[in-house]
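Student: These protein sequences, in sequence, are chains A and B.
Residues in the first sequence are numbered from 10 upward in steps of one, following our numbering.
Residues in the second sequence are numbered from 358 upward in steps of one, following our numbering.
Misleading hints may appear alongside valid ones.
[Stated by the list, open to error] Listed next, the in silico DSS-like pairs over lysine-lysine satisfying Cα-Cα at most 25 Å (straight line):
(1) LYS216/A x LYS64/A
(2) LYS374/B x LYS19/A
(3) LYS624/B x LYS12/A
(4) LYS522/B x LYS132/A
(5) LYS520/B x LYS22/A
(6) LYS184/A x LYS225/A
(7) LYS371/B x LYS19/A
(8) LYS371/B x LYS100/A
(9) LYS75/A x LYS624/B
(10) LYS374/B x LYS77/A
(11) LYS374/B x LYS141/A
(12) LYS626/B x LYS450/B
(13) LYS182/A x LYS223/A
(14) LYS438/B x LYS141/A
(15) LYS12/A x LYS626/B
(16) LYS186/A x LYS176/A
(17) LYS371/B x LYS132/A
(18) LYS75/A x LYS522/B
(19) LYS216/A x LYS184/A
(20) LYS22/A x LYS75/A
(21) LYS374/B x LYS100/A
(22) LYS371/B x LYS131/A
(23) LYS79/A x LYS450/B
(24) LYS22/A x LYS626/B
(25) LYS520/B x LYS107/A
(26) LYS624/B x LYS77/A
(27) LYS371/B x LYS98/A
(28) LYS22/A x LYS522/B
(29) LYS438/B x LYS98/A
(30) LYS371/B x LYS141/A
(31) LYS100/A x LYS64/A
(32) LYS374/B x LYS131/A
(33) LYS374/B x LYS75/A
(34) LYS100/A x LYS438/B
(35) LYS520/B x LYS79/A
(36) LYS624/B x LYS28/A
(37) LYS438/B x LYS131/A
(38) LYS77/A x LYS450/B
(39) LYS223/A x LYS79/A
(40) LYS107/A x LYS522/B
Calculated directly from the structure, the hints in this document are not laboratory data.
As the structure is a prediction and not an experimental result, all values here were calculated from the model.
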Amino acid sequence: MIKIENLHKKFGKNQVLSKLDLSIENGGIFAILGPNGSGKTTLIKAMLGMVLPDKGSIAVMGLPIKNKWKYRQEIEYLPQIANFPGNLKVKELIRMIKDLRQRPSEEQKLIALFGLEPFLDKKLANLSGGTKQKVNLVLTLMFDCPLIILDEPTNGLDPASVIQLKKLIQQEKVKGKTILITSHIMQFVEEVADEIVYLLEGNIYFKGSLEALKTKTQQHNFEHAIAAIATHNTNA
Amino acid sequence: MPLRPLQPTIPMLKILKYSFYDLIRSRWSYVYFLFYLLLGFVLLFLNNDLSKAVITLMNVIIVLVPLIGTIFGVMYFYNSKEFTELLLAQPLKRSSIFLGQYFGVAGSLTLSLVLGLGIPFVLYGLFRSEAIWDFSLLLVTGAFLTLIFTALAFNIALANENKIKGFGYAVLLWLFLAVVYDGLFLMSLIMFEEYPLDSFSLVATMFNPIDLSRTLILLKLDISALLGYTGAVFKQFFGTSRGFVISLLMLVLWTAIPIWRLSYLAKRKDF
Numbered sequence: 010m011i012k013i014e015n016l017h018k019k020f021g022k023n024q025v026l027s028k029l030d031l032s033i034e035n036g037g038i039f040a041i042l043g044p045n046g047s048g049k050t051t052l053i054k055a056m057l058g059m060v061l062p063d064k065g066s067i068a069v070m071g072l073p074i075k076n077k078w079k080y081r082q083e084i085e086y087l088p089q090i091a092n093f094p095g096n097l098k099v100k101e102l103i104r105m106i107k108d109l110r111q112r113p114s115e116e117q118k119l120i121a122l123f124g125l126e127p128f129l130d131k132k133l134a135n136l137s138g139g140t141k142q143k144v145n146l147v148l149t150l151m152f153d154c155p156l157i158i159l160d161e162p163t164n165g166l167d168p169a170s171v172i173q174l175k176k177l178i179q180q181e182k183v184k185g186k187t188i189l190i191t192s193h194i195m196q197f198v199e200e201v202a203d204e205i206v207y208l209l210e211g212n213i214y215f216k217g218s219l220e221a222l223k224t225k226t227q228q229h230n231f232e233h234a235i236a237a238i239a240t241h242n243t244n245a
Numbered sequence: 358m359p360l361r362p363l364q365p366t367i368p369m370l371k372i373l374k375y376s377f378y379d380l381i382r383s384r385w386s387y388v389y390f391l392f393y394l395l396l397g398f399v400l401l402f403l404n405n406d407l408s409k410a411v412i413t414l415m416n417v418i419i420v421l422v423p424l425i426g427t428i429f430g431v432m433y434f435y436n437s438k439e440f441t442e443l444l445l446a447q448p449l450k451r452s453s454i455f456l457g458q459y460f461g462v463a464g465s466l467t468l469s470l471v472l473g474l475g476i477p478f479v480l481y482g483l484f485r486s487e488a489i490w491d492f493s494l495l496l497v498t499g500a501f502l503t504l505i506f507t508a509l510a511f512n513i514a515l516a517n518e519n520k521i522k523g524f525g526y527a528v529l530l531w532l533f534l535a536v537v538y539d540g541l542f543l544m545s546l547i548m549f550e551e552y553p554l555d556s557f558s559l560v561a562t563m564f565n566p567i568d569l570s571r572t573l574i575l576l577k578l579d580i581s582a583l584l585g586y587t588g589a590v591f592k593q594f595f596g597t598s599r600g601f602v603i604s605l606l607m608l609v610l611w612t613a614i615p616i617w618r619l620s621y622l623a624k625r626k627d628f
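Isolated chain A, as found in the complex:
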């Protein structure tokens, strides 16, 4: 699904990604983890073509993405900070994204699922953070694309919505989709992820199943295993 080779990215003097190789197979849920500033968002944005690599290549669905944009037809992306043009109403924003993507969508189902009906006629500037995130999720998940990228999807969501979100993610997985997720909530990751990609200092430190990670770090608990990578590394 995604193949990244020798990816380098520098912001000013800050080398965010260096010599990163990663290949994501078709189907399944991949959690991209790592401490703050390890380059998770940069990596995702590079896959989306929002950040332009200094060096290296990225291929999505077998085709290099450099200077391309049509491949984003196949990607649904949930940005980390849900801030939208405040002058627009929720309804209008949904209509606009549908108009821009020109694909069949099933927003009604998601609107009902997250209980957004009362907010459809409200302006985005007047919504709470959690409601904005729900709108964000509707915008992302209403299309039917083989690749889904979620940057901190649980941000600001209440527990009931998190449960709905988990169900949704599982449903998409069953359809054979590839789903990339970043999150700092380890419990959430443990419940949904099939595979862990751990980023450290701009490189892939670990890639494998949750079990393999526990074995590698000699921990029984997933949260501790993740923490062990960080401490182990700072001690080294």
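With chain A's structure known, arrange chain B on it following the hints.
Tutor: Frame of chain A; chain B shown alone:
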């Protein structure tokens, strides 16, 4: 870098539409529109002379339109950062996104100008007057200045991540082209008065879209007393109609180059 023609695409028109709607709903567009409406009515009904009103308007437009274009352009760009990021993740070409937003801003500003001034002039009886061509030229020049300065503002905003810096540079640019440039120009004319300065002043005018617009309008109005040194040189060099065409062409270039650079910068930026 290959210089490709800027092909308008359907997604670009969609972005344009949404930016435009977003803007014409904002309070500032109305303030800008009402300002011109008021200015038009006051000038016409106090002056009672269409051609005089056109000259006064020219002086206002030539300074104010660039200022508003610059400030609106920079403000819109920074304020719509999230919207832009949302669009960047969609299957859209970068140039469609930024050109769409740019034409949305420039278009809504131009609309405020044209409607704001047009309504009082039409009510006053523009269509029965000979000043209609002078007035139309004024609006065309105003539209050009809006396009030029909004494009320059977008260029500045794209190149500066820091809002305050971007805003500062944009205002400085306006100040330089609207005020400082003329001062420097005048000073150099005085300092080098022994030398032939015809070509120098021609070139100096070409390099400032505000001076260029002024010369263009004054050439059309054919008021020698107001033409000043540069205008006189223009007239002498090219004759009224050729000078007119050349300055119009220069305005087109002044518009096209920043727009082209804007899409060039957008393609190479990280978000």
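Student: All the hints need checking, so say for each whether the structure fits it.
Tutor: Each hint tested on the structure:
1. LYS216/A x LYS64/A: 22 Å, holds
2. LYS374/B x LYS19/A: 36 Å, violated
3. LYS624/B x LYS12/A: Distance of about 23 Å is within 25 Å: holds.
4. LYS522/B x LYS132/A: Violated, because 30 Å separates the two Cα atoms, which is more than 25 Å.
5. LYS520/B x LYS22/A: OK: LYS520/B and LYS22/A at ~21 Å, within 25 Å.
6. LYS184/A x LYS225/A: 31 Å, violated
7. LYS371/B x LYS19/A: Judged against 25 Å, a Cα distance of about 34 Å means the pair is violated.
8. LYS371/B x LYS100/A: Roughly 17 Å between the alpha carbons, so the hint for LYS371/B and LYS100/A holds.
9. LYS75/A x LYS624/B: 11 Å, holds
10. LYS374/B x LYS77/A: Holds - the C-alpha atoms of LYS77/A and LYS374/B are around 24 Å apart, at most 25 Å.
11. LYS374/B x LYS141/A: Roughly 24 Å between the alpha carbons, so the hint for LYS374/B and LYS141/A holds.
12. LYS626/B x LYS450/B: 13 Å, holds
13. LYS182/A x LYS223/A: Within the cut-off at roughly 24 Å; holds.
14. LYS438/B x LYS141/A: 16 Å, holds
15. LYS12/A x LYS626/B: With Cα atoms ~23 Å apart, LYS12/A and LYS626/B stay inside 25 Å; holds.
16. LYS186/A x LYS176/A: Given pair LYS186/A, LYS176/A holds - Cα atoms ~14 Å apart, limit 25 Å.
17. LYS371/B x LYS132/A: The hint holds at about 21 Å.
18. LYS75/A x LYS522/B: 31 Å, violated
19. LYS216/A x LYS184/A: Since the Cα atoms of LYS216/A and LYS184/A sit roughly 23 Å apart, the hinted pair holds (cutoff 25 Å).
20. LYS22/A x LYS75/A: Since the Cα atoms of LYS22/A and LYS75/A sit roughly 24 Å apart, the hinted pair holds (cutoff 25 Å).
21. LYS374/B x LYS100/A: 17 Å, holds
22. LYS371/B x LYS131/A: Measuring from Cα to Cα gives roughly 23 Å; hence the hint holds.
23. LYS79/A x LYS450/B: Holds, because 8 Å separates the two Cα atoms, which is no more than 25 Å.
24. LYS22/A x LYS626/B: At roughly 16 Å apart (the allowed maximum being 25 Å), LYS626/B and LYS22/A satisfy the hint.
25. LYS520/B x LYS107/A: 31 Å, violated
26. LYS624/B x LYS77/A: 11 Å, holds
27. LYS371/B x LYS98/A: Holds. LYS371/B to LYS98/A sits at ~17 Å (cutoff 25 Å).
28. LYS22/A x LYS522/B: With a Cα-Cα distance of about 20 Å, the restraint between LYS22/A and LYS522/B holds, given a limit of 25 Å.
29. LYS438/B x LYS98/A: Between LYS438/B and LYS98/A the Cα gap is close to 18 Å, so the pair holds against 25 Å.
30. LYS371/B x LYS141/A: With Cα atoms ~24 Å apart, LYS371/B and LYS141/A stay inside 25 Å; holds.
31. LYS100/A x LYS64/A: Status violated; Cα separation ~41 Å.
32. LYS374/B x LYS131/A: 21 Å, holds
33. LYS374/B x LYS75/A: 28 Å, violated
34. LYS100/A x LYS438/B: It holds: about 21 Å lies between the C-alpha atoms, which stays within 25 Å.
35. LYS520/B x LYS79/A: This hinted pair is violated, its Cα atoms lying about 31 Å apart.
36. LYS624/B x LYS28/A: 24 Å, holds
37. LYS438/B x LYS131/A: 21 Å, holds
38. LYS77/A x LYS450/B: Holds, because 8 Å separates the two Cα atoms, which is no more than 25 Å.
39. LYS223/A x LYS79/A: 39 Å, violated
40. LYS107/A x LYS522/B: Distance of about 36 Å is beyond 25 Å: violated.
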